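Colleague: Please model the entire structure based on the sequences and the hints provided.
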Amino acid sequence: MAKTIMVIDDSASIRQVVNITLKKAGYDVVEACDGRDALGKLTGQKINLMVCDVNMPNMDGISFLKALKASQGYRFTPVIMLTTESQESKKQEGKEAGARAWVVKPFKPEQMLEAVSKLILP
Amino acid sequence: MEIDLSEARQTFVTESIELLQEMEGALLRLEGSPGDQETINSLFRSAHTIKGSSGVLGIESVERFTHAVENLLCKVRENEIRIDKKIIEVLFECRDHIQVLVDCASSGAGLSQGLLSREAELVKRLGSCIGGRGDAPDKTTEKETSGAEAGEGRLAATNAWHISIRFNGDLFRNGMDPASFLNYLAGLGETISITPLFERMPAAPEMDPEECYLGLEVDFRSEFDKKTIEDVFEFAREGSVIHILPPHSRVEAYMDMIRSLPEDFLLLGEILIKGGALTQHELDEALDMQKGEDAGAEQHKRLLGEIMVNEGMIYPEVVDAALERQKLSQASRSKEARTMRIDANKLDSLINLVGELVISGANMGQHARRLKDGWLTESASIMSRLVEEIRDNAMRMRMVPIGETFSRFNRVIRDIGRDSGKDIELKISGGETELDKTVIEKINDPLMHLVRNAADHGIEMPEERASKGKAPKGTVRLNAYHDAGSIVIEVSDDGRGLSRERIFKKACALGLLSPAQTPSDSELFRLIFEPGFSTAEQVTKLSGRGVGMDVVKRNIEALRGAVDVESDGRSGTTVRIRLPLTLAIIDGFMVGVGGSSYVIPLDMVVECVEFSEAERRAANRRRYMNLRGEMLPYIRLRDFFGTQGQEARFENIVVVRCAGQKAGFVVDDLYGEVQTVIKPLGRVYRDVKGIAGATITGNGKVALILDAPALMEGAGGGATASNLN
Amino acid sequence: MSVASITESTQYLTFKLDDEVFALDISQVREVLDFTTLTKVPRTPDFMRGVINLRGSVVPVVDMRLKFGMTKTEQTVNTCVIIAEITLDGEKLILGALADSVQEVIELDPDQIEPGPRIGTRLNTDFIKGMGKRDDEFIIILEVNRIFSSEELAAAHAAKDEVA
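Residue numbers (the working numbering), protein chains in the order written: chain R, 1 to 122; chain S, 1 to 725; chain W, 1 to 164.
Because the hints were derived from the structure by calculation, they are not lab data. Computed from a predicted structure; not experimentally measured. Honestly, I wouldn't trust all of these hints.
[Said to hold, decoys possible] Below, simulated DSSO-like cross-link-like pairs (lysine-lysine); rule was C-alpha separation at most 27 Å, straight line:
no., chain 1, residue 1, chain 2, residue 2
1, R, Lys-91, R, Lys-108
2, S, Lys-701, W, Lys-72
3, R, Lys-23, S, Lys-75
4, R, Lys-91, S, Lys-75
5, R, Lys-95, S, Lys-701
6, R, Lys-90, R, Lys-24
7, W, Lys-72, S, Lys-437
8, S, Lys-689, W, Lys-92
9, S, Lys-442, W, Lys-92
10, W, Lys-92, S, Lys-701
11, S, Lys-437, R, Lys-24
12, W, Lys-92, S, Lys-346
13, R, Lys-90, S, Lys-75
14, W, Lys-133, S, Lys-689
Modeller: As structure tokens, this is what we get:
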């Protein structure tokens with residue numbers, strides 16, 4: 001069965017880029033537009049990995065990570081943070097909150113795939 | 001691996017347009033309240049997202065420039081730079097430049113030299129905004145000014161709490177001592193003054209020594225919050241009246257606090273408590289009062305905020321801030337409503353199909369009735385009803401609020417104000433009014449023209465306004481509401497109004513009127529929609545570009561709408577546009593002429609009367625009839641359409657009203673109301689006069705929809721009021 | 001010039017107006033319908049016979065007999081509406097054409113087609129793409145796009161406006 005990856009980003013075009021990239025590599029993709037939306041969509045479905053932006057309205061990536069780590073079902077789900085080079089401090093915050101990897105925007109689809117394939121269990 | 005991102009690029013363009021729209025909104029809000037952190041955050045986020053997405057998609061031109069903008073916004077967000085008018089102006093221009101860059105990326109056009117130098121200039125200005133203001137901002141000045149303004153003399157400039165207590169008469173009987181409260185209070189801060197009040201004290205014979213008549217007004221300085229101070233009187237609260245007004249410096253703090261609340265709090269009271277301006281106890285009390293009033297007449301029910309202000313619990317400006325906060329969170333909540341994007345074409349094709357389904361349902365119903373099969377008729381009618389419901393729902397999907405279109409004009413008004421030196425405010429109401437998306441798209445240009453006209457020609461310069469005794473700030477108002485199956489959009493201003501004289505002169509010059517005529521205001525003002533009519537003495541950069549009101553009128557009529565203007569010639573002009581809610585379906589009234597069926601839009605039909613024998617005989621001589629003493633110009637469709645065949649023995653006249661004028665259409669038969677899915681007739685019949693479209697009737701035939709306004713021109717053209725007599 | 005545009009074997013739908021055989025390039029024909037009720041649009045030229053309901057779309061129908069100077073098409077059991085797709089000012093347009101009867105689909109090689117006659121037909125020669133010849137029978141191959149060019153339609157409207 002295909003692995004499912006959740007993409008959380010407030011930018012529809014970035015979600016789409018990640019979505020297209022991951023689908024092409026054979027993953028199933030679920031999209032959420034911010035942390036709150038993502039939490040709402042985590043209702044028992046199996047998510048193998050998450051790709052999450054940092055700066056989002058309603059609930060930012062760090063708060064989402066914290067909420068995720070406090071949850072029952074998803075606290076071991078690996079999360080890749082999407083950051084920009086200007087957010088060094090956020091990177092640290094994200095690391096403390098439990099992010100497993102970073103992909104720095106702007107990224108190439110191949111970089112995204114590489115990060116995903118390293119983290120997702122076969 | 002080859003990954004095709006062209007689809008994502010398309011998404012990027014749509015997304016950027018939305019984000020740029022948000023940026024514009026945020027900038028406009030910042031002009032009003034430059035310190036609003038949430039707005040700054042949202043501005044930053046928009047720029048940040050555009051930068052991030054363009055980077056991922058490899059649209060370097062956008063990424064590079066937006067990065068520069070983001071840099072400045074980042075500093076603003078971190079409070080390293082204080083936002084001011086100059087920065088807002090630069091940001092406005094940067095926003096526009098990003099839009100140009102996105103457009104270029106979307107069309108694949110390269111950047112011209114002009115654009116590049118424009119970019120260099122903007123980047124330089126961005127740099128100077130960052131560089132020239134390294135120092136931490138002086139935050140205090142502005143706040144203190146507004147704090148002092150808030151005072152209104154209710155409390156002197158003492159920066160103190162004011163506590164007003166009327167003790168419960170049973171205080172002593174309950175074993176309590178007023179002095180103990182004051183002692184306790186003294187432990188929380190510094191008591192400045194205590195004024196005892198005895199106005200409740202009766203004359204000595206009636207006085208009950210066990211009764212407490214005391215009231216106190218206390219000025220008190222403390223760093224503690226309202227709740228703590230209120231708690232001092234915890235035991236005396238029952239039966240006592242206690243008001244605690246915060247020091248003025250706190251008002252601003254409350255307002256700040258309220259503005260920075262997360263967006264989840266929706267009730268006014270909750271917002272105020274969260275902000276620290278109100279205690280739970282006070283809220284309960286106010287709510288009780290409100291409930292008590294409920295019992296009385298509903299219309300006298302006061303608003304919660306009003307009660308709290310009147311009871312001296314809180315300052316009005318704090319309530320205002322809270323209400324604004326509430327509005328914001330409602331807005332953002334409604335935005336979060338579960339939505340999904342649907343390609344408009346898919347929706348159109350769905351609506352088309354359902355329209356067909358309605359027709360074939362009606363068809364089936366007819367057959368069922370012909371077969372006289374009760375069960376079949378019943379099922380057919382149930383199905384028809386369901387299908388109609390589906391259609392209505394499908395139509396509703398295409399309905400969008402007009403607010404977004406309205407708010408785009410904020411920028412227009414602002415720019416006109418800046419360029420012309422006028423002080424103009426745009427007030428929007430009825431933004432939640434919904435109408436068909438296709439109508440909204442088509443109404444934009446006419447609205448733009450009207451808004452520009454209002455701001456440019458309507459609103460006077462501040463000095464001129466002042467000399468007329470008007471407020472120097474002019475107002476342009478956009479309003480929308482539903483009215484009897486149509487939507488009405490009003491563009492009004494409180495400017496100089498239409499000049500009777502000038503319009504009259506121009507109308508005579510154009511040969512529309514003779515100098516001897518004395519038209520009424522509305523007749524005269526309506527002439528501004530005639531071609532070639534532009535009385536502006538001075539053609540400015542913004543309006544008067546040769547596109548006149550006649551184009552506005554034509555565009556609106558193409559949407560089956562009508563436009564009217566009202567002005568008292570002194571204090572403003574209102575242009576009222578009436579539009580159908582949707583372009584796809586109308587309620588129609590079906591008539592027959594010589595064996596063909598025609599549909600008249602039902603909302604235009606006033607009544608149907610018999611075309612009497614006497615009128616018929618007079619028909620050759622004149623083209624108007626006497627309808628209960630009123631002159632009614634009419635048009636005989638049989639003649640107008642050159643219909644062949646036997647004349648009907650009896651004819652009827654359908655009285656139609658459009659744009660405030662009445663006319664009659666003479667027809668053979670009246671068939672009654674029909675719901676009509678409008679089909680375009682296509683370009684082959686583009687120039688046919690009097691026909692607006694076609695529709696398919698229940699029996700599968702095509703019926704033509706009459707273009708009532710055009711026909712009325714035919715009816716009225718030869719028979720204006722003046723040559724009737 | 002007319003012939004130069006026909007370079008490979010093409011299929012044609014043939015039909016009769018009066019006793020003459022006409023043909024249309026099959027790629028322009030969508031379908032053929034039985035004659036159905038027409039709704040006349042007032043104040044339009046006579047040859048524009050009206051509109052029909054084609055599965056929910058409103059499609060104009062022209063009377064080619066009138067257009068070509070013959071008498072009006074009368075309805076018989078054989079009368080058909082040929083639904084054709086034409087290009088008008090770069091836009092695709094669906095149009096119905098009345099025919100007394102539809103014959104068959106034939107294939108003609110370019111060498112079976114001659115240029116249209118300059119004179120000797122009732123038709124405006126501009127409307128003729130070429131003359132096909134088969135079994136000693138002449139087939140007039142029509143240039144539909146030109147018959148319903150915007151000039152033709154505009155001329156029709158102008159003529160009507162003078163009357164009105």
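Colleague: Work down the list of hints and note, for each, if the structure agrees.
Modeller: Evaluation of the provided hints:
| no. | hint | verdict |
| --- | --- | --- |
| 1 | R:Lys-91 / R:Lys-108 | holds, 19 Å |
| 2 | S:Lys-701 / W:Lys-72 | holds, 22 Å |
| 3 | R:Lys-23 / S:Lys-75 | violated, 38 Å |
| 4 | R:Lys-91 / S:Lys-75 | holds, 19 Å |
| 5 | R:Lys-95 / S:Lys-701 | violated, 70 Å |
| 6 | R:Lys-90 / R:Lys-24 | violated, 30 Å |
| 7 | W:Lys-72 / S:Lys-437 | violated, 45 Å |
| 8 | S:Lys-689 / W:Lys-92 | holds, 23 Å |
| 9 | S:Lys-442 / W:Lys-92 | holds, 24 Å |
| 10 | W:Lys-92 / S:Lys-701 | holds, 24 Å |
| 11 | S:Lys-437 / R:Lys-24 | violated, 35 Å |
| 12 | W:Lys-92 / S:Lys-346 | holds, 21 Å |
| 13 | R:Lys-90 / S:Lys-75 | holds, 16 Å |
| 14 | W:Lys-133 / S:Lys-689 | violated, 44 Å |
Of the hints listed earlier, those the structure fails to meet are numbers 3, 5, 6, 7, 11 and 14, in rising order.
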